[in-house]
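**Student:** Here the protein sequences come in this chain order: A and B.
Following our numbering, the numbering of the first sequence begins with 6 at its first residue and continues without gaps.
Following our numbering, the numbering of the second sequence begins with 6 at its first residue and continues without gaps.
A few of these clues could be false.
Stated by the list, open to error - Straight-line alpha carbon distances no greater than 27 Å define the calculated DSSO-like cross-link-like pairs of lysine-lysine that follow:
| id | chain 1 | residue 1 | chain 2 | residue 2 |
| --- | --- | --- | --- | --- |
| 1 | B | Lys56 | A | Lys44 |
| 2 | B | Lys44 | B | Lys113 |
| 3 | A | Lys164 | A | Lys193 |
| 4 | B | Lys56 | A | Lys56 |
| 5 | B | Lys189 | A | Lys193 |
| 6 | B | Lys56 | B | Lys113 |
| 7 | B | Lys193 | A | Lys189 |
| 8 | B | Lys193 | B | Lys224 |
| 9 | B | Lys56 | B | Lys164 |
| 10 | A | Lys43 | B | Lys56 |
| 11 | A | Lys193 | B | Lys193 |
| 12 | B | Lys30 | B | Lys56 |
| 13 | A | Lys190 | A | Lys224 |
| 14 | A | Lys224 | B | Lys43 |
| 15 | A | Lys189 | B | Lys224 |
| 16 | B | Lys32 | B | Lys56 |
Hint data in this document are derived by calculation from the structure and do not stem from the laboratory.
2 protein chains.
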Amino acid sequence: MQYNPEDILPTISTDCVIFGLDQGKLKVLLTRRAIAPKKGGWALLGGFVLKHEDLETAARRTLKEISGMSDVYMEQVHSFGQVGRFPNRRVITVAYYALINYTLENLKPGPDSSDVRWFEINEVPELVFDHRYILDTTLAYLQSRVRTEPIGFELLPAKFTLTQLQGLYEAVLGTNFDTRNFRKKLLKMNLLIPLEESQTGVAHRAARLYSFNNDIYQKLKAKGFSFEL
Amino acid sequence: MQYNPEDILPTISTDCVIFGLDQGKLKVLLTRRAIAPKKGGWALLGGFVLKHEDLETAARRTLKEISGMSDVYMEQVHSFGQVGRFPNRRVITVAYYALINYTLENLKPGPDSSDVRWFEINEVPELVFDHRYILDTTLAYLQSRVRTEPIGFELLPAKFTLTQLQGLYEAVLGTNFDTRNFRKKLLKMNLLIPLEESQTGVAHRAARLYSFNNDIYQKLKAKGFSFEL
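Pulled out of the complex, with its shape left as it was, chain A reads as follows (with noise of 0.2 Å):
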């Protein structure tokens, strides 16, 4: 969609950086610049705030547009502001993450982009402006958020493994975990509700599903919790 300048605020943008889970790796998706500044260039989801919308109304719409997706978890993470950071005119953006689904229906370009594709957090190409640092600044902030709190989950199905699960934190955190330790941990939370179902259509042993259990969830997420792994 293309909006008229009138209705644009040309000094504040919002930026997204929105990570998914693709069978065990971290992805982030960027998209490629169809105009100047940087046309060509890969970048983080982003664009203009608008006169009437609020910052995150703005960040969920640049997610809209190039996702089809709504209802997904989104949180503001930094402003960045530096002097420069944005050639020819003082920017500053504001950086929201986002957690989704992966997946690779409904993608397409945003209004000024000819191009969006996800790339494995350890082969994200060069990106324009200070993007880089917006995203090694959010991915820290990620990776802070799943010892503190439950976050992240919103990558996962609604029934999952215990491997699932060790495989998420995995991704987020670029490392590997002693999988006894880890279930052990986990489990002493009761956060999970173990199901009387198994996986289905795997070729291996089937493994028991697991869901949330909310309450308790939205009791960590509130207090706060530290997972050390």
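Go by the hints and put chain B onto chain A.
**Tutor:** Using the frame of chain A, we list chain B on its own:
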């Protein structure tokens, strides 16, 4: 100091929530507006960002103009950009908090203020714009931070007693702790170095003084901890 309107970014401000500890009470520094809009109203310390300065530089300038202080702990919390939060024009404000030693010296109203004063956190007057919301959001952030990182210790002198430290936590969290339990949990972290010194000039039995183990402090700051009280 007065600024040239041409040097100012009219759409971006910073607001500082300045916390101090006065005899076991958490206080916040507020200023009285001497200009429209909301002339005469109490406000957080804040103001515009200059075209040539970064966001945090602007926040530190404001703090310095009013308190004379420059070397303080300061952290960005959140940006507030709701439509209509500021009258007549769109301004987004980036909120920072600072922890400073409570002092009545060197306080002077900023360029557009008629007064500056410490208020106990429970006795804050009506605030202008969305400043009450900014204050509440920032206090909640601080409360969550002192449980997961060794932040807040900046409010103590270099050598302090365990009673002072407990008083800090009680003031920030607005609650009372069981002294024995508090000390046990705290000492387990190895964060404190017991000194071969005691308080001087007190009527009661002089308590032992402690200082922080800076190595452990830096590690906990990077790694985080959970301080369940």
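**Student:** Each hint should be assessed against the structure and marked as holding or not.
**Tutor:** Tested hints:
1. At most 27 Å may separate the alpha-carbon atoms for a hinted pair to count; lysine 56 of chain B and lysine 44 of chain A meet this at roughly 26 Å.
2. The suggested pairing of lysine 44 of chain B with lysine 113 of chain B holds, with an alpha-carbon distance near 18 Å, which does not exceed 27 Å.
3. The straight-line distance between the Cα atoms of lysine 164 of chain A and lysine 193 of chain A is roughly 19 Å, inside the 27 Å bound, and the hint therefore holds.
4. For a cut-off of 27 Å, the pair hint linking lysine 56 of chain B to lysine 56 of chain A stands: about 21 Å separates their Cα positions.
5. The straight-line distance between the Cα atoms of lysine 189 of chain B and lysine 193 of chain A is roughly 23 Å, inside the 27 Å bound, and the hint therefore holds.
6. Pair hint lysine 56 of chain B plus lysine 113 of chain B holds up; C-alpha atoms about 25 Å apart against a cutoff of 27 Å.
7. Distance hint between lysine 193 of chain B and lysine 189 of chain A is fulfilled; the C-alpha atoms sit about 23 Å from each other, no more than 27 Å.
8. As the CA atoms of lysine 193 of chain B and lysine 224 of chain B are separated by approximately 15 Å, the hinted pair is consistent with the 27 Å bound.
9. Restraint check for lysine 56 of chain B and lysine 164 of chain B: not satisfied, since their Cα atoms lie roughly 41 Å apart, outside the 27 Å limit.
10. Taking the CA atoms of lysine 43 of chain A and lysine 56 of chain B, the gap is about 23 Å. The hint holds against a cut of 27 Å.
11. A distance of roughly 21 Å separates the Cα atoms of lysine 193 of chain A and lysine 193 of chain B; the hinted pair therefore holds under the 27 Å criterion.
12. Between lysine 30 of chain B and lysine 56 of chain B, the direct Cα distance comes to roughly 38 Å. Violation of the 27 Å bound is thereby established for this hinted pair.
13. Distance restraint check for lysine 190 of chain A and lysine 224 of chain A: the Cα-Cα separation of roughly 18 Å lies within the 27 Å cut-off, and the hinted pair is therefore satisfied.
14. For the hint pairing lysine 224 of chain A with lysine 43 of chain B, the CA-to-CA distance comes to about 39 Å; that exceeds 27 Å, so the pair is violated.
15. At roughly 25 Å between alpha-carbon atoms, lysine 189 of chain A and lysine 224 of chain B fall within 27 Å of each other, so this suggested pair holds.
16. The hinted pair formed by lysine 32 of chain B and lysine 56 of chain B fails the criterion: a straight-line CA distance of about 32 Å is larger than 27 Å.
In summary, the structure is inconsistent with hints 9, 12, 14, 16 from the numbered list given earlier, while agreeing with the others.
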